[in-house]
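Visitor: The listed protein sequences correspond, in order, to chains A and B. If you read the first sequence in this note's numbering, its first letter stands for residue 1, the second for the next number, and so on. If you read the second sequence in this note's numbering, its first letter stands for residue 1, the second for the next number, and so on.
Don't take every hint at face value.
To be verified - Chain B is nowhere near these chain A residues, computed Cβ spacing over 10 Å in every case: (1) D30; (2) T46; (3) A48; (4) T56; (5) G58; (6) E68; (7) A70; (8) R74; (9) A119; (10) D125; (11) K140; (12) H146; (13) E166.
Unchecked claim - These stretches of chain A come out as covered by chain B in the derived footprint (C-beta under 8 Å, 3 or more residues): (14) 88-102; (15) 170-184; (16) 189-203.
Derived from the structure by calculation, the hints contain no laboratory data. Think of the CB as a built atom: it goes at the ideal place given N, C-alpha and C, for glycine as much as any other residue.
For reference, the chains in residue letters:
Number of protein chains: 2
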Amino acid sequence: MAAQRKISERTVERISRYRRLLESIHATSDNPFIYSHEIASLCGLTAAQVRRDLMTIGFSGSSARGYEVAELLRSASSFLGFSHERRMALVGIGYLGRALLDYFVDRNPLFKLCAAFDADPGKVDRVIHGVRCYPVTQLKTVLATHQVSTGIITVPADAAQNIAWELVEAGVTGILNFAPVQIRVPANVFIENLDLTSALEKVAYFAGNFSDKERTKK
Amino acid sequence: MAAQRKISERTVERISRYRRLLESIHATSDNPFIYSHEIASLCGLTAAQVRRDLMTIGFSGSSARGYEVAELLRSASSFLGFSHERRMALVGIGYLGRALLDYFVDRNPLFKLCAAFDADPGKVDRVIHGVRCYPVTQLKTVLATHQVSTGIITVPADAAQNIAWELVEAGVTGILNFAPVQIRVPANVFIENLDLTSALEKVAYFAGNFSDKERTKK
DNA sequence: CGCTTACTGTGAAAAGATTAACAGCGTTAA
DNA sequence: TTAACGCTGTTAATCTTTTCACAGTAAGCG
Ligand SMILES: NC(=O)c1ccc[n+]([C@@H]2O[C@H](COP(=O)([O-])OP(=O)(O)OC[C@H]3O[C@@H](n4cnc5c(N)ncnc54)[C@H](O)[C@@H]3O)[C@@H](O)[C@H]2O)c1
Ligand SMILES: NC(=O)c1ccc[n+]([C@@H]2O[C@H](COP(=O)([O-])OP(=O)(O)OC[C@H]3O[C@@H](n4cnc5c(N)ncnc54)[C@H](O)[C@@H]3O)[C@@H](O)[C@H]2O)c1
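Sequences and hints are given; from them, build the entire structure.
Guide: Put into structure tokens, the structure is as follows:
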């Protein structure tokens, strides 16, 4: 269970993509094997990159036949922690929060979105997309009964840091933040600040300064 | 107008964050100057990183007083292309598409979301959040009249690649894709595949394998 | 069986991104 | 006017990530 040290964020993200790709291949294709260059091509990466990633999680294939799909799927799932149930909570049931609720509820039974919170009395004390919505004042109480490890923040920027602190105090050790502020957390908590505005402005930038010059995406 | 070669994606994203930070500082603070270490601290970065980024876009400050806020704001805006109007279109008016419409409409007058498309007849031929919604069959026709450089894809995975091709044929040179497939485009088009599932699974991974081991976020 | 082929696993090289370190300078204070 | 200070701009060092390149290996084939 003790993971080896220092697997990079990039690698974990790619494993997540491989896993979903394999899931779909496993369900639709009857070929039980797959080569690194096939995975690579489907994910827009190089074969060397794929082999290195699989090496990092300690998975081995066979030369001349490649990787066994079912085995690799199992291995990637186990690496990502799908072997035991993980619980998540979401704070901020606005447009974005609702989209995420809709999408992530019941997508994976071991990845349970079990509570949502909002400050607006009109949005709580009901069930949206199957998830119970509570007043944000009850955050600590509710999380105490649920063993939640991961939080999603979709509140306005000025409330985000406070919500993060409350989540951490409630025992959350990983946060995905969509508010456009850089949230600070203790060193033993993982924070991903996902800034959609930056992402869009980046695309617009390269859409402009790019159309004439070549470049293959990373 | 010819930008110098090879500014990294990471740098562009950070410039976007600096720009919004400066906008807010410019509006609220009466100090016309700011130091690299102040920007750094507010963005969760090192001062050296900030100075390097500003050097990259060719902006100079004064020793002993730092950077002039208004000037830097102007310079970052101009770098990102806010000097002339940029037009965007969105395809897929589902939960996520609607959240993005709501958020990006009228956020910046030079960054115009001017059309949305969907295959569902029940969702088109009306105005949502101020944006006109068209049947996806009219995509090429409508974009031809609008000079759109940037597209946002929020359709289901199996439709995403086709939509991308249509956008490219309609003259779009940058695409932000939320569907969980790796979209391929010609080399002169910029594509950003933003996979929210990977982001969330990454957070969950580190939330688990992390709480006991230190680590300072990138 | 042994030869051919096309793959994997992986050190080593290359490329890319961040951080350190410091010379040089403008400002302020004396 | 000069000295001290604390900043910027930038080069060099470091750290990280990706790619190259090839030895080793299993399968297919004659
Ligand atoms: N929607 C997007 O496409 C988009 C894009 C970029 C960034 N964001 C960011 O994501 C966040 C959410 O965006 P949105 O469009 O869903 O906003 P929204 O205004 O629709 O939703 C925010 C929700 O948070 C709730 N809220 C406010 N203060 C709260 C508090 N202290 N505790 C609990 N709940 C609270 C509000 O009641 C509301 O339901 C914002 O920070 C926004 O800047 C969103
Ligand atoms: N909502 C999320 O939080 C979330 C998270 C991760 C990934 N995604 C991805 O983002 C995309 C959109 O997610 P969503 O939750 O908004 O889905 P959704 O089902 O709510 O919306 C999809 C929309 O696309 C439209 N559509 C379908 N085929 C089309 C076509 N060929 N042309 C034009 N429009 C078409 C549908 O009518 C619908 O309105 C999906 O690919 C999903 O996998 C969403």
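Visitor: Are the hints correct? Go through all of them and say.
Guide: Each hint, compared with the structure:
For D30/A, the requirement that its beta carbon stay farther than 10 Å from each beta carbon of chain B is met, with the minimum near 20 Å. At the 10 Å boundary, the C-beta of T46/A stays outside the reach of chain B, the nearest C-beta of that chain being 13 Å off. With a least CB separation of 17 Å from chain B, A48/A remains clear of the 10 Å interface cut-off, as annotated. At roughly 13 Å from the closest C-beta of chain B, the C-beta of T56/A stays outside 10 Å, upholding its exclusion from the interface.
With a minimum CB-CB distance of about 14 Å to chain B, G58/A clears the 10 Å threshold, and the non-interface call stands. The Cβ of E68/A sits about 22 Å from the closest Cβ of chain B, beyond the 10 Å cut-off, so the non-interface label holds. At roughly 20 Å, the least C-beta separation between A70/A and chain B is larger than 10 Å, which holds for a residue marked as non-interface. At roughly 16 Å from the closest C-beta of chain B, the C-beta of R74/A stays outside 10 Å, upholding its exclusion from the interface.
No beta-carbon of chain B is positioned within 10 Å of the beta-carbon of A119/A; the least distance is around 18 Å. The claim that D125/A is not at the interface with chain B holds, since no C-beta of that chain comes within 10 Å of its own (minimum 22 Å). Interface exclusion of K140/A from chain B stands, the closest Cβ pair being 18 Å apart, more than 10 Å. Distance check for H146/A against chain B: the nearest CB is about 14 Å away, which clears 10 Å, and the non-interface claim stands.
Its beta-carbon lying about 16 Å from the closest one in chain B, E166/A satisfies the requirement of being farther than 10 Å from that chain. Against chain B, the region 88-102 of chain A contributes 8 residues with a C-beta closer than 8 Å to a partner C-beta. That satisfies the three-residue criterion, and the hint holds. Coverage of a stretch by a chain is defined here by at least three residues with a beta carbon nearer than 8 Å to that chain's beta carbons; for the region 170-184 of chain A and chain B the count is 8, and the condition holds. Residue count for the region 189-203 of chain A with a Cβ under 8 Å from a Cβ of chain B: 15. That meets the three needed, and the coverage hint holds.
The structure is consistent with each of the numbered hints, conforming to all of them.
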